[in-house]
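J.: Each position in the sequence shown, counted from 1, maps to that position plus 3 in the working numbering.
Derived by calculation from the structure, the hints in this document are not laboratory data. Hints are supplied without guarantee of correctness; some may be wrong.
[Stated by the list, open to error] Here are the computed lysine-lysine pairs in the DSS-like style, where the Cα-Cα straight-line distance is at most 27 Å:
| id | residue 1 | residue 2 |
| --- | --- | --- |
| 1 | 46 | 67 |
| 2 | 89 | 46 |
| 3 | 89 | 63 |
| 4 | 78 | 67 |
| 5 | 78 | 63 |
| 6 | 67 | 89 |
| 7 | 89 | 78 |
If you're wondering where the values come from, they're calculated on a predicted model, not measured in any experiment.
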Amino acid sequence: QVQLVESGGGLVQPGGSLRLSCVASGSIFSINAMGWYRQAPGKQRELVAVATSGGTTSYKDSVKGRFTISRDNAKNTVYLQMSDLKPEDTAVYYCNADVVVHWPRNYWGQGTQVTVSS
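Throw the hints in and build the complete structure from the sequences for me.
T.: Now the structure itself:
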């Protein structure tokens, strides 16, 4: 089976930075898109950033210029560098990936809490 494990969340002051990591492990043949979603209390889960295997990236408008998604395909890892964090960025951040084992299937990580507060 495939597992996605996130790390790097925590408490940070407004204006601070955090780097999230997500490692995919298991019997992986290939990985297509990898991305980050977030869910704040009482709100729906939303897409933050996504990166294709070819390097194309896209972002939620409110994080453009502050967040950067990147991948290390050799390590089956995706990163989210978050800068100039704001209280409204507070949420549980989830890693998501389209993984091919025998066929494509979508997987989620368990989530990591990011809290932006003074």
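J.: Does each hint fit the structure? Answer for all of them.
T.: Hint by hint, here is what the structure shows:
1. 46 x 67: holds, 20 Å
2. 89 x 46: holds, 17 Å
3. 89 x 63: Holds. Residue 89 to residue 63 sits at ~15 Å (cutoff 27 Å).
4. 78 x 67: Given pair residue 78, residue 67 holds - Cα atoms ~26 Å apart, limit 27 Å.
5. 78 x 63: Roughly 25 Å between the alpha carbons, so the hint for residue 78 and residue 63 holds.
6. 67 x 89: holds, 13 Å
7. 89 x 78: Violated, at roughly 30 Å.
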